[in-house]
Every structure is written in C-alpha cells, then in structure tokens.
Amino acid sequence: MAEHRAGTARAAAVAAQLQQEVSLLLELYKKKEDLHVDVSEVRLVSVPPPSSQLDSRDKLWRLHSALLQCRTLLERATTKEDEELGGREKGRYEKQREVVKNRLSLLLINTAELLKAADGAAILAPNLDDFEVERLSNLFELKLWIYRIYREVEHWTRTAVATLKELSSDTPKERKRITPATRSTRSTRR
Amino acid sequence: MLRLSTILTPMPNPDLVWHLCVLLGVSALNAETNVVLTVPQHVSLLPNFSTQQLSISWLGGPATTFDFLIKRTDFNETVFYDTVSAKVNQVSGQHQWTWTSEEPLECTSLSVKICSRDGQTTSEWSETQILEGRDIPSNRNFQMYPQDKVVPVGANTTFCCIVEEGKTFKSILYGRTEMNVKRLSLRSYAVTAFDQQLSGPTGANVICQTHMNKIYGAVVFIGYPPLPTDFVCHTQDLISAVCQWNKGRDTHLYGKRQTHYSVTGRNCSETSTQQKCSLPQWDGNWTLVAVNSLGQYSLTDSAELSHRVCPVAPVNLNSDVRAWNATVLWEWKYNSYSTLALVCQVELTTQGYKTKRVFSGLGLQSVVLLDLQPDEDYSIQVRCGSQKNFWKWGNWSNTLSFRTKTYVPDAPDVWMWMNRDTTGLVVWKPLTRQQSHGQITGFEVTLWNNKENLQHIQISQDTNSIPVNLTQMASFSEDDEIIAAVVAKNVEGVSQPASVPLRLIDMEPPIFSRIAYTNSGFPLEWQQNASTTCSYLIEWHDASCRHDCQVNWLRVNVGSTNVSIESVDFQPGVRYNFSLYSCPSSSPQLIQRWQGYMQELVPSSSVPLKISQQDFDVVLTWGEIPLANKRGFILGYNVYISHGSQLSLIANLSDLGTRKYVVKGLSVSSYKFTVKAYTSAGEDTGTTASIMMEPGSGLVLDILGSLGMVTLLLFIVSLICYKKRKWVKRVFYPDIPEPKLSSDWSRTRGPLDVKPSPHSMVHIVERPEQDCIKDALVVIPEEEEGDKGHGIGDEPVDSDEPQSLRYYNQVADERPIRPRFPDSSVSSASSMDSASTDVTYTGIQTSCSSLVFQQDPQTTPESHQPNTDHSVSCGSGGGSYRPQMHPITLSENIGLASPEPLLEPQAVSSGGYKPQNSWHFDSPTEEERSGLAPSLGSPVSVASTQFLLPDEEDHDEEKLQPSTSAATWFSNLLSSSKP
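As they're listed, the protein sequences go chains A and B. Residues in the first sequence are numbered from 1 upward in steps of one, following the numbering used here. Residues in the second sequence are numbered from 1 upward in steps of one, following the numbering used here.
Read the hints as simulated data drawn from the structure, not as lab findings. Treat the hints with care, since some could be wrong.
What the hints assert, rightly or not - For lysine to any residue, the following SDA-like pairs were computed, each having C-alpha atoms within a straight-line distance of at most 25 Å:
id, chain 1, residue 1, chain 2, residue 2
1, A, K31, B, Q209
2, A, K32, A, I109
3, A, K31, B, T177
Here the structure is a predicted model, which is why all the values come from computation and not from measurement.
Next comes chain A alone, as it looks inside the complex (with noise of 0.2 Å):
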C-alpha cells in the first residue's frame, strides 16, 4: 500500500510540473505565433465522460487513456509544425516543446505502473486516424490546431494532478476497492 501511495504521490508530482510546463509551451507558441485571440475550445482526446460511478481504477484508466492521446497529438504536431512552420535552429519553444513531451512520456510510465498495479491490464497507444492532420487545409488551421493540441494536453494534465491526488488521498476502504474481483468486472466491461 505504501508503494502504491508512493507511487501515486510521485505521478501526482510529475502531473504537477508537467502542468507548469504546458503552460510555459503555451504562452511561448502564443507568443511565436502572435496569437492573441480566444480560441474555442475543440476536445481532440476521446475519452469516457467523467462519472461519479467510476472507481479509482477507472478513472486510472482514463486520465492513463486520455494523457497517451495527448503523447500522440503532440507527436503529430511536432512533426507537422516542424515540416510546414520548420527550417529555422530550435529556439526556446522547440526545447520546451521537447521538454512537455518528455515529462508527458514520464507521466504515462507513472500512470502505466499505478495501473498495473490496479489490475495488471496494460493500454496499448491509442491508434488516432491521422482525419484530423489530413483534414487541415492551411497553416492556419495547422496552428490553431496545435494550439488546441496544447490546450488539451494542458487540460489534461489539470486533471491528471487532480486525480492523481484525489487517489494519493483515498482511504484504505475505498483502496480495498481496487480488488481482482472489482477488476474482473472492468475487464468484462471493457
């Protein structure tokens, strides 16, 4: 138990500088791209909604499923940023951008553990269909796009540091609830 707990504080504190982190690449992209605007929010990770019914496993599951989206999009937008907007030496954006997209790695092998210790069961990378690059007809719609990526990555990690602490927090009685039998259920439901 004191290692799940341990484990749990130290993703919580991966999630917590990874929020910091986000926000830093969010306000140097802005800068570069002398965006200024509001930008409506598009959610772009496809996840269950948020219930009270999910057991700390679930949401596990969850944030785990969400934040290994996030790894994905921020892959493709690098690469496509660097192939359309590329071609100059990497500044400070393109090293904090490394940055996220290390410590985003470093959360989901935090996540990864806390689930495996849950019930065993590994998420494979979700395999995003690449509609969403594709379907972008301009740079425009290339940098609102990343911006979005950003926004849901900083989203994330929000609720990454939340959960995280609301698992750090749990009683041992709604620990017991992370049992085989509990997790026999997940698996039948999944």
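Assemble the complex: chain A is given as a structure, and chain B must be docked to it using the hints.
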C-alpha cells in the same frame, strides 16, 4: 450622295479638288457603317486562384477590341469595365484575355460579359458568365482567402473572409491591427494590407472573427526573392568541380518556402545550407539558379581547371625534431598532386605567437623548419596552393605539436654594483626561456684576478646575485682588478662565461642631467666618443638607494648615441639615476649620468618648519624633504599665511637654496604660516606653524634697563649724601637760628600759657574696648592691582586708607621728645615746619613714611608691642593721651595727591580719636580769625611744648606741602643720621 453631286456640278475649277475630297470622305464613312460587329460567343472563364487571374476566352469574329464588364454578382458592383485588345489564338480560333483580380477569386461570384468594339461602335453584350465564388450558399463554411500566400516586401494584399452561413461578421485583424473592411457579398468581407513588411518565420496571421467569437484566418509570408552572390567553382582533385556561393540577402522565407538552388541543372538543394555543390566533371562553365516563391536569380562562372586549383589539406603530418630545427612531413589525398607545383604555408605557433613560413616544390610533402628555439613547444599547421596560377590556399591541415630538444644555455648578462666600502653585488639577469635552452639547474660564479682564482661559488637557479667583499679576499690589493665570471648550467652543460670587472667606477661621478620620461621611456642621448670601440651599458636604479642597490641595466651596441629606457618596474614618484658606461665587460668607464622621474608626483611629506619672532618680524626657516619623499624635482617653495581656513600666498621662492623667509612688520597678534614645497605635479600638503607675536619685548627691556639705571643712580646719590651728610647738611640744611622776636613781643623762656582755643581742644573720645584693640593694630589686607587702581581713580576720598600698610600703629610713640632733632616719627612735621616757621615744634605725629616701610628699627613688631599694651590701657581708663593722625602725610606716602584731606572718616577709623586739624584751610575761618587769637588755628600737639604761631606765609606754605614730600624724606634721611 446625289445631293452632293449636285452641289459639285456648278462648282468652278478651283473648288473642284475640295469637292472631290469631301465626296471621297463621305463615301468612306458610308463604307464603314456597313461593317456588322459580332457579339462575342462561347465566353468561357478559366480562373487561376493562386495567381488571382481569370483567363477569359471567346469567339469574337473579326473584332480586335472588346469591352469587358466584370461585376460582383451578389451586389452587382462593377469591378472592371474597360476596352482591351485581344488577338485571336491561331490554333483555337478564340480570342483570349487574362484579367488579374485584386481580390482572391474565391471571395465572391463574378459576372463577366463582353462586347465587341469597332471604334465607337460596339456590339451587343455577350451572355453573362459567372465565376462562382466560395460564398455560394452551398458552401456554408467559414473561410478566408488567400491562404498561405507568399508575397514580396512592400506588396499590397487583399484578404477576404467568408463567414459561415447564418453567422455575423465581426472584424478582420492583420496581426493585431483591425483592418478597414469592404463588404463584397452577403457573406464575404475584404481587407487590403498595404506595403507589407517582413513577416516572422511562421508568417503573419490574418484573423477573421464572428460575433460568436469564432475565428478563422489565413497566413501570409512576406519576404524577398533570392539574391545569391560570389558564385565560383574550383577543383581539389584536379578532376571534379566544387561550386560555392553566398546566400546574399536573407529572404526571410524558411522551410518549404526557402530558396532552392541548382548548378547547371544539378539540384543542389541538399547541400544548399552550405552553399556548396559538387559536380563530377570540370565543365568550365557553370550557372547557379536560385529560386523561391517570389522569384529566381541566376549567376554564372567559367574558368580553366589549372586556374582553379585549391589543394586539399595535407594529411598524416609528422615531424623529426632537433634542438634548433625540425623536419615536418605530410601526405596528399590525391596522387595527382605529385606532379603539381605547390606552394605551402607552415604556420608555427609558440608561446602564443604565430609566424608563417612559406615553402614551395613539386608535390611538396616535407619542409625543414630552421631557427627554432631549443626546449621549446611548437605547433604547426600546413596548407598549400597551386604555385602556378595560384588560385587560393587550400584548407589547413590538422595541428601537429612537437618540442625541440634541449641545448646548453646562453651566457648570462652580468653586471655589478659596488658600494663605496669595496663591498658590492655581482648581478645577472635571469635567463629567459629562449636563453635557457632547457631547465636551468644553477649558476657558477668565479672571482679571479690575473694571478689566480680567488673564489668559486655555486649558486642555485633561483638566485641572480651574490654579495662580494673585495677586502676579504686574501690577495686583494688596490692595483688588482678582480673579475667576476658567471656561467649558467642546465642538463646539457654550462654556458659560456660572462665576465664583469669588480671595481668602484663612479669615484667622481659626473653631474646628473635631468631627463624627462616620454611614451617610449627615458630618452637618453650622449656624444659618441671616436676613440670608443666597445659597447655601452646603461645602468639605472632608485636614486634614494645607497647600498647594495637593485640595479637594472641595458647593453647598447657600439656606435649608438641614444637609447630609450623603458621598464615595467618604473614607478611614478621614484627618482631614478641612469649611468652610461663604456666598455662594460672589460674596463667600464662612467661617461654620463641622468636623473629622472617616470612621473613626478607631489611630495609625500612636507618640509620641517621652524618659526620665530624677531622684533616685529616673523622668521620662517625650514629643512629639506627626504629624497624618497620628494617624488619629483622640487621647483620651489610657496609661503602662505593663514586667514582662518584660507591660505594666502605671500611668497613664492623658486630659489631652492633659500629655505628661510622673513615676514616683516607684523602687529601683535596670532599668525599661522604654511610652507609648501612644489614639484611639477603640484604642492605638498604643507607644514603649518603658528606664532603669537609678543608686544615690543625690546622696549620693555629698554624701560626696565632705564629704571634700573635711575635706581642705581639714586642709590649712589643717596650713598654719597649719606657719606657726605655733614657737608650736605651744612650746605643744604644749616641749623636754623633761634627765632628772634620783635620788641613788642615779651619773649619768655618758659612755657607759654595760652588758653587753648576751642579748635585746639583735644577731644577725648571714649571707645569701646573692642575698638581700642582694633585701633591698636589695624590689619590692612593686601589688595589686588585692579582694586588699587579702582580705588585710586573712583574713590579719591579713600586714598588715604592704609592700602599699602601692613600694620598701622596709631598709638603715639612715647619716646622722649627731643626738641631739636625729632626722630623719624616726627620728621615730616618738623622738617616741613623747620624752614618756614619760627617755632619748631616737636610732636608726636607719626610720620606715615616711617610706619609704612618700617625701615626704622623702631617700627619693628617688637617695638610695637608696648604700643599694643598701651592701647589696652586706653580702653580701661581712657585717660591716656593719643597722638593725632596726620592724614596728609599718609596720603602722600601712597602716592596720591589728593588735595582734600580726609577728616571725619579717618577719625572713625582711628578709633574715636579726632585729630587736630592743623594747617588746614578750615582753620581758622574768617570768623574765627576775627574773634580768636591768631594762634587758634595753629597745629597743636598734646605733646607740644610750644605753640606754633602760624602767619599767612605759613599757611600758604602748608598748601604747598605735597610738593615738599621729597624734602621731607630728605630731612628724615638727614635726621636719621643724628645720634
């Protein structure tokens, strides 16, 4: 036409030509109006959205000019209406014309129609053709045009925003600037950005907003077309070509929009970041084409291969190293270089300094580097070029480092310093790295003369001087010349010896010349001595040093007549002595000396100053500042007088020998003087001395001397008078004959019974006992000088108070009264009266002078004792007699000349005894004279045995009494001589 003909018929011949012309013209007009313009058919529109061009083609018959009318379909606004010429495409047989729109063709639908024109005649309009915009209802999306456009700096670009169906347009921002909007259709809005400036690497954003805060936008890139420079090709392997160029102006377009390069059709984009492209064969002619979205630029180059050889860098460098030289070897990548005449540069780096040496040869692969320093680190690089038709140097090879071998050291540079006591120092300069040729392990010093080696000393490598004492050497004599020889040692062996003769050279040093420091040091110049065939040596040291001085020196070649001495050791404010010696190694001779400062400073200490008064003058004298503290050549002294905190210059003494100054004619006051020495850098802080001028001390001495002389004179006169008193008395003070009465006076020998007048009554006043005691012995306090003065000036009535008396005995002397020769206690009265009255009386009046000074032994305290007793008895009985006081005499004795005698106050202080007012103006008054005997006003003593019978003359004489005090004293003196 007929009518015209009719008109022509009656015309006369001169008008015939004119009529014919008119006829022909009218005929021609009729012929033109007969052409029928065809209406353009089959109008087709072919848009190019990226270039915003609309290609219009139609069948227009024989017409060559057409009117075009282009309108925005929705608002039926004319966009273009003009006449243009259009030619027929010979292949298709169609007319074609291209129109460039200011707005993107997607913005809104355009209606196009054409008519043929022939002069002023036009055909009917063709059927309207519509180019559909993207704002048609079927396309409901939020859109913006143009997208991702690249435009040159300074261009104007129109953007249009097509809002979503059913949404309300809000604004268009170019960057952060809200633009003026023009509505093109129901859903389409346009803005134009003028004179666009460089965008960022990711372009500028143009953002369209709706009232629902939904945004869409476009990105525009603004940059320059390519403009490369310096396109040139060369060969390295003597076969292929390598072409290089500079990018030139930055296009500010990156990534996909960057410039693409090609050389003679070969794509060089992959290596374009290095602006370099390799071609397998030497073509001799090359063309560089640079292309980006905004245009392209071409450069050409052509050359023969042999003129464009740029060898590759040598490889596999190696070395064969010795002490003074080294051989460097290398290899070439291409064998073809073996037949190529090469010129190579070897860059030699040692101790941070780089030198280049050039070598040449066919297929050069090794060079010998001469003149290297033993035991020195070197690093080299090599690059070569074609010796024939040199084009440019190839690349530098990798660096090769080596260290030369060691060698015996150079002989050290030796000099000496001799003190005046035949002691001294043998000094040598530390060997530099270039002189050491390896690690110095020590020195050997040998002292010898012509006969033998006197001393052999081993010195460690860190020592650069040894002390010598010539007198301690066994075989030293004045005639012997001892020579010091110094050798340096390293692992390779010992150096050649360096010698210097040890003797005191400057027994009679020449005069020092002053030398000023310049940017290049101390410039020393001297006359060339024709007979001198050896070199010179300049020696310098701190001038304040006297013993075992730290000398520096510089050797100067023979024939030189000047040198500039510079040293990092020169310090500001230090005086240096420079000495020029000839033949320093064999028989040094002092030729010339200089002194100088690198930089003169103000003296660091001040002169020692003394101050004294001489009458009304002040004499300032000062000493010299120590040499080390002068810090510059003293140019003079400034003397200041201080007024509060302000100094006023009173003298500037530029004569250095003068170290005294007299300030004359000062009044009695306090003065402060400051003396400051100054150099070219300024004054020192100065020494201040103060003095309080005394009032004319000489005058006082003169007065005191005069008073002394007067006193001495008086003493001598007095002594003479005393010795010759009988003679004096006989001459100046003869015995007064007995009074002779006139016949009407019955002269009796016995006492004269005269009823005393009331004025002559002795009033016996009773006094309390205490007062009697006080009266018997009055203690007079000693008074201050001021008080005395005060009393004298302000209160003359008190002048007769016993101020200078210690004790005042008012009790009458009871010694027997001698009728002729009164003692001192009665001298004044008797003497005064003696010359002016016929009756001499002897009284009990006590001479004040005798009481005050107590010169008379009778007035000693012992002699007073009985008087004290007497006064006590006075108190008990009150019947005893008391002498009257003589206040005028007292007054005279204290030096006062008060004309008014004290009466009542004195009586009070006298213990109730009222003195008899003898000789005074108040007695007798006119009344008394008339009613009483003339003797009533005469002074009568209770002890008197005779009346004093004053007459008018006597009275007058009494008034002169003060002026006769000296006579009184003289009389006393004479009286005291009587037995």
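Results of checking the hints against the structure:
1. A:K31 x B:Q209: Since the Cα atoms of K31 of chain A and Q209 of chain B sit roughly 20 Å apart, the hinted pair holds (cutoff 25 Å).
2. A:K32 x A:I109: Since the Cα atoms of K32 of chain A and I109 of chain A sit roughly 31 Å apart, the hinted pair is violated (cutoff 25 Å).
3. A:K31 x B:T177: This hinted pair holds, its Cα atoms lying about 16 Å apart.
Checked against the numbered hints listed earlier, the structure breaks hint 2 alone; every other hint is satisfied.
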